[in-house]
Amino acid sequence: MLSNNTWSDYGRHIYLLKKIRSFGIVFLSLAAIIVSIFVFSQINRGAGNERRELLHVWNEGNYEMAYEISKNALIDRPLDYFLLTINGFSAYQMGVSQINNQSMLNFINICIFSLRKAIMQKEALKDGRLYYVLGKAYGNKGAEYADLAVKYLNMANALNYDAQDIPEYLGLAYAAFGDYRNSVISFTQALIPGKPVSDNLLLSIARSYMAMDEYSMALGYLQRCIETSPDSMSVITARLLLAEIHKKNNDYDSAESQYNRILETSGENAEVRFQLGELYNMKGDTTRARSEWRMAFRQDPSHARARARLN
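Numbering-wise (the numbering used here), the sequence shown opens with residue 438 and increments by one.
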């Protein structure tokens, strides 16, 4: 038989084994928690470093590097709001800097893809920047996307995002799909008292008024462009539009005066010669008309309308 002492020793042995086993389990559990905390902290530290690096290169204006870093990081975190935002913004900046139209559209499409994913997340509910850049991106895709440009630019406005060029972009987008009344309203909001007005804005307002047959309003903006613009091409465009208005009002002498003024101040111009030919043709002077069309074609053999008239 086993003595009581033996049983006592055995009990203590089992108790110690249980204690050791329990301690081992607790130790392993704590170790797992510590390891997980360490790994998580390292991941967060890595994400924090990546975020800081991205913000640094973005603030430095290095959009190409910001685009590459965010693109690579999105492979592992395809729904990360910060990465999607930086990727979309940098793709937009790279797109508008392209000379080749197809290259520009490629980056603009990437911008739209990233920002459309970003706006599906709750962080976007109060972030007007996303809708602002998204609206401008759609505006760069062409007239067939103008309704989407209007949609997202208005959403940026609704979120009180303060960007001074929103009214001008809205005006262009409205005009692109024929809503000239809202186009003029938006363009007018872009006119800030005491600040210089761009030639493009003045010409765009004039074109919208012309599209609504409100020629008297258009005349004022065109005349303002002529008087204030240092850019000869803008002045030529304004005078061509003025001449167009005069022709619609059957004031052929004033239209001819605008064409001749361009030739006097800026030299020979194939388009001006062609328009003079059109004017003389409207007046019934076909001989002078053909003479002007020939001069237009000699200056620019690719001028299709002049070639068509001569044929």
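These are calculated hints, taken from the structure and not from any lab test. It is possible that some hints are incorrect.
[What the hints assert, rightly or not] The list that follows gives simulated cross-link-like pairs (lysine-lysine, DSS-like), each with its CA atoms no further than 30 Å apart: (1) Lys588 to Lys563; (2) Lys508 to Lys559; (3) Lys684 to Lys720; (4) Lys588 to Lys559; (5) Lys632 to Lys508; (6) Lys508 to Lys554.
All values reported here derive from a predicted model rather than from experimental measurement.
Against the structure, the hints come out as follows:
no., hint, verdict
1, Lys588 to Lys563, "holds (16 Å)"
2, Lys508 to Lys559, "holds (21 Å)"
3, Lys684 to Lys720, "holds (10 Å)"
4, Lys588 to Lys559, "holds (19 Å)"
5, Lys632 to Lys508, "violated (39 Å)"
6, Lys508 to Lys554, "holds (14 Å)"
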